[in-house]
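Colleague: Residue strings, one per chain:
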Amino acid sequence: MPRPSIWLIRSALIHLALGFTLGGLMLWNKGMPIHPLLWRLLPTHMEFLLLGWTVQFAMGVAYWILPRFYTYRGNVRAVWLAFIFLNGGVWLAGPGATLGAPAWVILAGRLCEVDAAAAFAVNAWPRVKTLAPEASHLK
Amino acid sequence: MPLLTRLFIKSGLTYFIAALVTGLLLVARPLLALPPIVAGLSPVYFHLLMVGWVTQLILGVAHWMFPKYSREEPRGHLWLAWTTFVLLNTGLLLRVIAEPTRSVSSAPVWGWLLVLSALLQWLAGMAFVINLWPRVKER
Numbered sequence: 036m037p038r039p040s041i042w043l044i045r046s047a048l049i050h051l052a053l054g055f056t057l058g059g060l061m062l063w064n065k066g067m068p069i070h071p072l073l074w075r076l077l078p079t080h081m082e083f084l085l086l087g088w089t090v091q092f093a094m095g096v097a098y099w100i101l102p103r104f105y106t107y108r109g110n111v112r113a114v115w116l117a118f119i120f121l122n123g124g125v126w127l128a129g130p131g132a133t134l135g136a137p138a139w140v141i142l143a144g145r146l147c148e149v150d151a152a153a154a155f156a157v158n159a160w161p162r163v164k165t166l167a168p169e170a171s172h173l174k
Numbered sequence: 005m006p007l008l009t010r011l012f013i014k015s016g017l018t019y020f021i022a023a024l025v026t027g028l029l030l031v032a033r034p035l036l037a038l039p040p041i042v043a044g045l046s047p048v049y050f051h052l053l054m055v056g057w058v059t060q061l062i063l064g065v066a067h068w069m070f071p072k073y074s075r076e077e078p079r080g081h082l083w084l085a086w087t088t089f090v091l092l093n094t095g096l097l098l099r100v101i102a103e104p105t106r107s108v109s110s111a112p113v114w115g116w117l118l119v120l121s122a123l124l125q126w127l128a129g130m131a132f133v134i135n136l137w138p139r140v141k142e143r
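Protein chains in written order, with the working numbering: chain R, 36 to 174; chain V, 5 to 143.
Everything labelled a hint here was simulated from the structure, so no lab data went into it.
Keep in mind the model is a prediction, meaning the values are calculated, not measured.
Don't be surprised by glycine CBs; every beta carbon is placed ideally from N, CA and C.
Pulled a few chain V residues facing chain R out of the computed Cβ check, cut under 10 Å:
#1 Met54
#2 Arg106
#3 Leu117
#4 Phe132
With these hints in hand, go ahead and build the complete structure from the sequences.
Modeller: Set out below in structure tokens:
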């Protein structure tokens, strides 16, 4: 497994653990109330699990298993940028909303997430391809 | 494909269908005068889809395809993987029963079942992260 995939997948696992912890607290609070402020965790819970966990895990696995150019996995700098932008975006948009940050903070987070998607596409797009000509008989 | 992966994916497919049926009920409720319990299905719909289907599909495929943990235990600690499966599904099913019922019944048992559901799903998430983490590696 290449190094960017290791970082993406481990970061996804950390977000899964954090997201499940927040979700568990909110569900507990729904069953047996602990504190009304716990509901404010909802945007962070959603951001961590939808983007931090699911999307980031998919990106990590895709970078690992999409077709390669022999041993080369395409523009690796784009994947590192995607990793930085996605995690930055998740932490600005999720905890930002929970902590009542100004709207521009949430906006900046969402913008980072868009950049992450674009940077990831720069790497993945050319790797979504048919078999090499010499292996075309395997189609 | 290992037995546990098949169970994860087939359970996931079942939740996928159940989630979309739940979504259908939510939309049909005002049109068909369905019972009030259906109104409490909104979070259940979302979690059937994201935990029951998406997360469980990921868990099953990761258990199957990630780099081997060791020669003796290629898929990590099997007991932890089974614990993940059992706790996640028990927790999710408890939520499916308790959350909508709690919206129409004031009996405290439904609240406690939600607490139990929160605890089981959280433990499942932690067990999965602990078991998969050492398999996220270069070789």
